[in-house]
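Novice: So the chains spell out like this:
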Amino acid sequence: MADAAKKLPNIVINEKFCKGCSICVDFCPTDVLEMKGTCVAVKNLEACTRCQLCDLRCPDFAIQVFG
Amino acid sequence: MSVPAEKKEKVSVPFDYNKYLRPNKLPHIWCPGCGHGIVLKAMLRAIDKTGFDKNDICVISGIGCSSRTPGYVDFNTMHTLHGRALSFATGVKFANPKLKVIVVTGDGDALAIGGNHFIHTCRRNIDLTVLVFTNATYGMTGGQYSPTTPMGSQATTSRYGSIEPPFDACEMAKASGASFVARGTAYHTLELEKTIHEAIMHKGTSVVDIIDACPTYFGRANKFKSATHMMEVIEKDNTVNVKQADKLPPEKLEGKFLRGVLHKIEKPEYCEQYESIVMEKAKAK
Numbered sequence: 067m068a069d070a071a072k073k074l075p076n077i078v079i080n081e082k083f084c085k086g087c088s089i090c091v092d093f094c095p096t097d098v099l100e101m102k103g104t105c106v107a108v109k110n111l112e113a114c115t116r117c118q119l120c121d122l123r124c125p126d127f128a129i130q131v132f133g
Numbered sequence: 005m006s007v008p009a010e011k012k013e014k015v016s017v018p019f020d021y022n023k024y025l026r027p028n029k030l031p032h033i034w035c036p037g038c039g040h041g042i043v044l045k046a047m048l049r050a051i052d053k054t055g056f057d058k059n060d061i062c063v064i065s066g067i068g069c070s071s072r073t074p075g076y077v078d079f080n081t082m083h084t085l086h087g088r089a090l091s092f093a094t095g096v097k098f099a100n101p102k103l104k105v106i107v108v109t110g111d112g113d114a115l116a117i118g119g120n121h122f123i124h125t126c127r128r129n130i131d132l133t134v135l136v137f138t139n140a141t142y143g144m145t146g147g148q149y150s151p152t153t154p155m156g157s158q159a160t161t162s163r164y165g166s167i168e169p170p171f172d173a174c175e176m177a178k179a180s181g182a183s184f185v186a187r188g189t190a191y192h193t194l195e196l197e198k199t200i201h202e203a204i205m206h207k208g209t210s211v212v213d214i215i216d217a218c219p220t221y222f223g224r225a226n227k228f229k230s231a232t233h234m235m236e237v238i239e240k241d242n243t244v245n246v247k248q249a250d251k252l253p254p255e256k257l258e259g260k261f262l263r264g265v266l267h268k269i270e271k272p273e274y275c276e277q278y279e280s281i282v283m284e285k286a287k288a289k
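Chains A and B are the protein sequences, given in the same order. Each residue of the first sequence is one higher than the last, beginning at 67 in our numbering. Each residue of the second sequence is one higher than the last, beginning at 5 in our numbering.
These aren't lab readings, by the way, just hints derived from the structure by calculation. Among the hints, a few may not be true.
[Stated by the list, open to error] Residues from chain A shown here face chain B by an in silico Cβ test under 8 angstroms; the list is partial:
no.: 1; residue: F83
no.: 2; residue: G86
no.: 3; residue: S88
No residue lacks a Cβ here, since even glycine has one placed at the ideal position from N, Cα and C.
Sequences are here, hints too, so could you generate the full structure?
Specialist: This is the structure in C-alpha cells:
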C-alpha cells in the first residue's frame, strides 16, 4: 500500500545534448539507467534514490532528476 | 497537527544551470566523456553559492579545449591569447578591482605557453581565481603531450612513452607565492564545488589544479576502456584527500596526488596595496 503511494522521481533526459559517454549509467549506484544506442534511457525508475549523481557527473547538461 | 516523519519524502530539486548558461551555444563542443563539462558544472554551482551577481563576475580564458568555457557561460567573458589569459585577467582586475575575475585555463595553456605569466601572477598575489584544467594533453591540436603528462604515457608526440618529468601545478603555484593552492578532480565533483567556492572567496591569487580526463586522446593512446574507466583510475584511485593523507602510511601515498586545500595563507593583495599607495600620495598633495 505504502509502495503504491510512493511518488516516483522524474528523470528528464535531453536527448539532443546526450553524447552517449555512459558516465551516468556506470556511476549510478542503483542501476537505474541504461544505454540505448548512443543515448541514455531510464531502465528501472523504481530503484532511483534521487542521489543526483547522474546529474552531477553528466558533462553535457543532459540529465536531471526532478520530484 | 504535525506530519508523521515517514510521510516526508526526499524531494530532488536539481540545480538550474540555465540561468548561468548561453542556451543558444549549447550543446558544447567537448567530446563524449570529457571532464571539462563536469568541472564547468561544479564551477557554476560554486559561483551560485558565492551569491555574486552575474555582472560582477568575469570569466577569462586562453586557448585550448578548456578555454572554450567562457563561450558557454553568461557572465562578462573574454577569450584571449594562448597562455596570456592571466595577463588579460590582471589587466581586467587592475582596471576594475570590484570584479571577481575567474581564469579558466588548461595545463598546456597555463604551465607551458603561459608558464611565465603563471609564475608572476602568483608572485604578485593579485586577487584572481585560476582554474587549471589538467587533462595531461593538448586536446584541441591532436593529443600532443603536455607539461603534466605522466612519464611513460603515450601521446601523438611520444609514441614510445613520454620521457619528460611532469610539472606539479600546485607545487609551482606555492613556490611562486600564490596564497591559496588547492586540487580537485572531476570525479569528486561536490568536493570540487566546495574547493572552487573557497578559492573564489579567498583574497589573493587562488590556484585550483583540477584533474580531469581526456578520453579521446589521452584515453585512447593509453589504452583506457572508457571515460568512466579513466575517471576511476586517474581521478579516484590516483588521488587522496589531504585530510586522510595524514593517517595513511607513506607507501600508500606514493605517486598519488593530494586533493583539497593544500596551502592557504594571508598575504598583502596587489590591488589593495596599489590603492593604498594612490590614497597616500593623494593625501600628501
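Novice: Each hint: holds or not?
Specialist: For each hint, the structure was consulted:
Checking A:F83 against chain B by beta carbon gives a least distance of about 5 angstroms; that is within 8 angstroms, so the hint holds. The beta carbon of A:G86 comes within 6 angstroms of a beta carbon in chain B, closer than 8 angstroms, and the hint placing it at the interface holds. Because the beta carbon of A:S88 sits about 7 angstroms from the nearest beta carbon in chain B, less than 8 angstroms, this interface hint is met.
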